[in-house]
Amino acid sequence: DAGITQSPRHKVTETGTPVTLRCHQTENHRYMYWYRQDPGHGLRLIHYSYGVKDTDKGEVSDGYSVSRSKTEDFLLTLESATSSQTSVYFCAISEQGGRETQYFGPGTRLLVL
Amino acid sequence: KNQVEQSPQSLIILEGKNCTLQCNYTVSPFSNLRWYKQDTGRGPVSLTIMTFSENTKSNGRYTATLDADTKQSSLHITASQLSDSASYICVVSARGGGNKLTFGTGTQLKVEL
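Protein sequence lines correspond, in order, to chains A and B.
For what it's worth, the working numbering labels the leading residue of the first sequence as 12, then goes sequentially.
For what it's worth, the working numbering labels the leading residue of the second sequence as 2, then goes sequentially.
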């Protein structure tokens, strides 16, 4: 998985609780992404980062925030988890943007009860 | 709205046989098209990336074709193996869209003995 780890790999939480997912890379790539994958939908971009402290929204960013204080770490926070945020979350990295290949992590399976 | 549609939704073939997966897109202006393989419970792995000027690209037993005029791509798998069982995802990037990709929902391929 191209030097990308995600933690936790599985999480069950209750509606209304905050949740933070972590993505860690050892490739020193500039770009990092958070996606969610749901049945019947293609992967959808939540947020991405193009450098330390530089982030931007994706198409499904409502209810999510991100932070990147170091090149290697990209955090995704659900401030108050809802059942609609039950999903599989993937982190991805790329050396540059544009036509560069994105390498994906192993995913985090989140269940919000 | 940018869209990527894949067909068939699922496919079962016998080991050793060939198969072709289809992808139609409406992403505009087009930048590049990617095929990813996603094993169950894992993150997607890149197979090929093609730009406007490339109409064929191979990666071992995988050959992708692109017709930018008709906005269609196909992924041909030769001499299938059990390990080819996976979801194959077509992904299209728009020029000027930065790092925002449009993902198809995938074709679920099962290779049987």
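In case anyone wonders, no lab produced these hints; they're calculated from the structure.
Incorrect hints may have been included.
Claimed, not checked - Simulated restraints on C-beta separations:
1. A/93 with B/40: 23 to 31 angstroms
2. A/39 with B/79: 20 to 28 angstroms
3. A/76 with B/53: 30 to 38 angstroms
4. A/88 with B/71: 25 to 33 angstroms
5. B/46 with A/39: 14 to 22 angstroms
6. A/27 with B/23: 40 to 48 angstroms
7. B/21 with A/24: 36 to 44 angstroms
8. B/68 with A/28: 44 to 52 angstroms
9. A/24 with B/75: 38 to 46 angstroms
10. B/82 with A/122: 50 to 58 angstroms
11. B/18 with A/27: 47 to 55 angstroms
12. A/117 with B/9: 23 to 31 angstroms
13. B/82 with A/16: 24 to 32 angstroms
Small disclaimer: the values here were computed from a predicted structure and weren't measured.
Every residue, glycine too, gets a C-beta built ideally from N, C-alpha and C.
Do the hints match the structure? See the list:
1. Between residue 93 of chain A and residue 40 of chain B the CB atoms are about 29 angstroms apart, so this pair conforms to the stated range of 23 to 31 angstroms.
2. In this structure the hint that residue 39 of chain A and residue 79 of chain B lie 20 to 28 angstroms apart at CB is violated, the actual value being about 36 angstroms.
3. One distance hint, 30 to 38 angstroms for the beta-carbon pair residue 76 of chain A and residue 53 of chain B, holds here, with the actual separation near 36 angstroms.
4. At about 43 angstroms, the beta-carbon gap between residue 88 of chain A and residue 71 of chain B misses the expected band of 25 to 33 angstroms.
5. Taken as a hint, the range 14 to 22 angstroms holds for the pair residue 46 of chain B and residue 39 of chain A, whose Cβ atoms sit roughly 20 angstroms apart.
6. Between residue 27 of chain A and residue 23 of chain B the beta carbon distance is about 43 angstroms. The supplied range of 40 to 48 angstroms therefore holds.
7. Taking the beta carbon of each, residue 21 of chain B and residue 24 of chain A are about 42 angstroms apart, inside 36 to 44 angstroms as hinted.
8. Taken as a hint, the range 44 to 52 angstroms holds for the pair residue 68 of chain B and residue 28 of chain A, whose Cβ atoms sit roughly 49 angstroms apart.
9. The hinted range of 38 to 46 angstroms is satisfied by residue 24 of chain A and residue 75 of chain B, whose Cβ atoms lie roughly 41 angstroms apart.
10. Here the CB-CB span from residue 82 of chain B to residue 122 of chain A is close to 33 angstroms, at odds with the stated 50 to 58 angstroms.
11. A hinted range of 47 to 55 angstroms holds for the C-beta pair residue 18 of chain B and residue 27 of chain A, which are about 51 angstroms apart.
12. Checked against the hint of 23 to 31 angstroms, the pair residue 117 of chain A and residue 9 of chain B passes, with Cβ atoms roughly 27 angstroms apart.
13. At roughly 28 angstroms, the beta carbons of residue 82 of chain B and residue 16 of chain A sit within the given window of 24 to 32 angstroms.
When each numbered hint is compared with the structure, violations occur for hints 2, 4, 10.
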